[in-house]
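Novice: Here is how the chains run, residue by residue.
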Amino acid sequence: MLAAMPDVSIRAEGLVKHFGSVHALDGVDLEVATGTVLGLLGPNGAGKTTCVRILTTLLRPDAGRAEVAGVDVAHDPDGVRRRIGLAGQYAAVDENLTGLENLFMVGRLNHLPKDVSRRRAAELLARFDLADAGDRTVKTYSGGMRRRLDLAAALVNNPPVLFLDEPTTGLDPRSRTSLWGVIDDLVAEGTTLLLTTQYLEEADRLADRIAVVDHGRVIAEGTATELKADYGSTVVEIEIARLRDAGKARRALAAVGHVRDGNDRRKVRVTLEEGARGLVEVVRALDGADVQVTDLDVHEPSLDDVFLSLTGRTATDEEETEPEAKAS
Amino acid sequence: MSIAAPARGWNGSLRWAVSDALTITWRNLLGITRIPELVVFSFVQPVMFVLLFRYVFGGAINVPGASYVDFLMPGIFVQTVMFGGVQTGIGLAEDLNKGLIERFRSLPMARSAVLAGRTLADVVRNVFVVIIMIVVGFAVGFRVHTSWWQFVFAMLLLIFVGYAFSWVMAIVGLSVGNAESAQAAAFPLIFPFVFASSAFVPTQTMPSWLAAFANHQPVSYTVDAVRDLVLGGPTATDVWVTIAYAAGMLAIFGPLAVRRYRRAVS
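Note that the protein sequences, when read in sequence, are chains E and F.
So for the first sequence, the working numbering puts the first residue at 486; every next one is plus one.
So for the second sequence, the working numbering puts the first residue at 10; every next one is plus one.
One thing to keep in mind: the hints can contain errors.
Unchecked claim - Straight line, CA to CA, 20 Å or less: simulated DMTMM-like cross-link-like pairs of lysine to aspartate or glutamate: (1) E/Lys599 x E/Asp620; (2) E/Lys733 x E/Glu711; (3) F/Lys107 x E/Glu766; (4) E/Lys624 x F/Asp79; (5) E/Lys624 x F/Asp237; (6) E/Lys733 x E/Asp669; (7) E/Lys624 x E/Asp657; (8) E/Lys733 x E/Asp780; (9) E/Lys733 x E/Glu706.
If you are wondering where the hints come from, they were derived from the structure by calculation, not from laboratory data.
The structure presented is a predicted model; accordingly, all values stated were derived computationally and were not measured.
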């Protein structure tokens, strides 16, 4: 039944979605190659969740089109639903049912036969380290266990394409690391994954490519390394041997990058716009000016720097919430 | 392989719609049994109403041609199923709030199943509550003056009205998005229909403008139909109007509720 998978498993072109005067999406283009992970990175309210909701058929876009696993979301939403798994920001599981009952129900609603649903539920519980808790109601589960069950529920139908909307928001570091391990395994098995997150570390750790979203638009896209090289800045800190060389060093380095003053007069800090490639020129400039150096430190850019330089703010400091998407 | 086959044709999709609805019914009924305190409270309130009207207000209310307890019980039955319908709204609001509706909507299941399964589970619960009410009613002196089959028909009619009404509550639940608001929104909606009706007092004693409303609204017709069926009297008009009201509610609010569901996101 599995048709040959297309090379591109998620494709969005010009997605627009407005809620009243709020422009949740303002023309989003995305492409996720089969078997890879795209991280949608952005602050709260950037449009990440709206994007996922359109791709998973929960919302219809006002304009634009999207294809998931080769199926058009507008023309054949049920076809898309059969090929995707979705785990959202909340653990969307029934608290009054046991873990096993929850997964069995999702199996039945995926139209798997009863025996297959039961077997699949047991398999997933074992895989997610929930086998012992399978017969307890979810009410008694910890936050991390609920998230694992939620992710398991998204996998009942073995979907080739998986959407995870902020899968680790609100989890403690241990549960987060354990969930990352599970996600790694899925990707290793060939699942195509679109993941939204406001944690730069998470995007860096899990995603092959990262799309930075802000105000309903993709403002940058690339691998973490590319983004860091393009938008981050490398800072070089030089400790000079002779204090009287300080002025000479500053003048020489001004031609290479932006010189900043520090508290320590023996240290000169240079921001290199071209990334680490400029390091050679730093050394050359210092040598040419005959400045003796006792220490040289290179600070590589982080995704935080990328985010800051792209959006003018850090990833988690905005507390606006995603626009309430209650269609009226 | 593991991607389930699409439903083929009208027969296929109808079969899945039924199967999906039954899965959701199973889930909801299982959920009800897991919160025994909720089950108990859904019995306690109507029982308290019986005792309140039977023993506190009852002595002061005179109804022509019947004892007050016989007059009262049909009203209490109808009130019970109406209040039971609120549970449909509360349950759906809770599902929406917890993100479950989004999960269901991302699955290849029938769009009607969540609502059909919820309302069906609530019918089952209503049947149990009505049975308890019948027992309590008999204990406080209520008697059927017609035949057992007319009584059974009255109870079925009642359950049907409650079912139709729960679709109205489904819209409320999906619109407000959390259990507390669903409850708060439902009450002012139900209150005038249940109390400005023939459920507890004869409408003749009301001011004429209120009686005009009370005499023509669905709760009164339902109460009168049940009363006719268990106490005796000409039944045809009240029963037919009641059925028409309930069928009309289903025909209008059923599709509206499904429409609301198709757009619901938390």
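Novice: If a hint holds in the structure, say so; if it does not, say that too.
Specialist: Okay, the hints, checked on the actual structure:
1. Distance restraint check for E/Lys599 and E/Asp620: the Cα-Cα separation of roughly 18 Å lies within the 20 Å cut-off, and the hinted pair is therefore satisfied.
2. For the hint linking E/Lys733 to E/Glu711, the alpha-carbon distance of about 34 Å lies beyond 20 Å, and the restraint is violated.
3. Restraint check: the Cα-Cα separation between F/Lys107 and E/Glu766 comes to about 57 Å, which exceeds 20 Å; the hinted pair is violated.
4. A C-alpha spacing of about 44 Å is found between E/Lys624 and F/Asp79, which places the hinted pair above 20 Å, so the restraint is violated.
5. Pair hint E/Lys624 plus F/Asp237 does not hold up; C-alpha atoms about 47 Å apart against a cutoff of 20 Å.
6. Only pairs whose Cα atoms come within 20 Å are accepted, and E/Lys733 paired with E/Asp669 is rejected, the gap being roughly 51 Å.
7. The straight-line distance between the Cα atoms of E/Lys624 and E/Asp657 is roughly 19 Å, inside the 20 Å bound, and the hint therefore holds.
8. A C-alpha spacing of about 17 Å is found between E/Lys733 and E/Asp780, which places the hinted pair at or below 20 Å, so the restraint holds.
9. At most 20 Å may separate the alpha-carbon atoms for a hinted pair to count; E/Lys733 and E/Glu706 exceed this at roughly 40 Å.
Checked against the numbered hints listed earlier, the structure breaks hints 2, 3, 4, 5, 6, 9; every other hint is satisfied.
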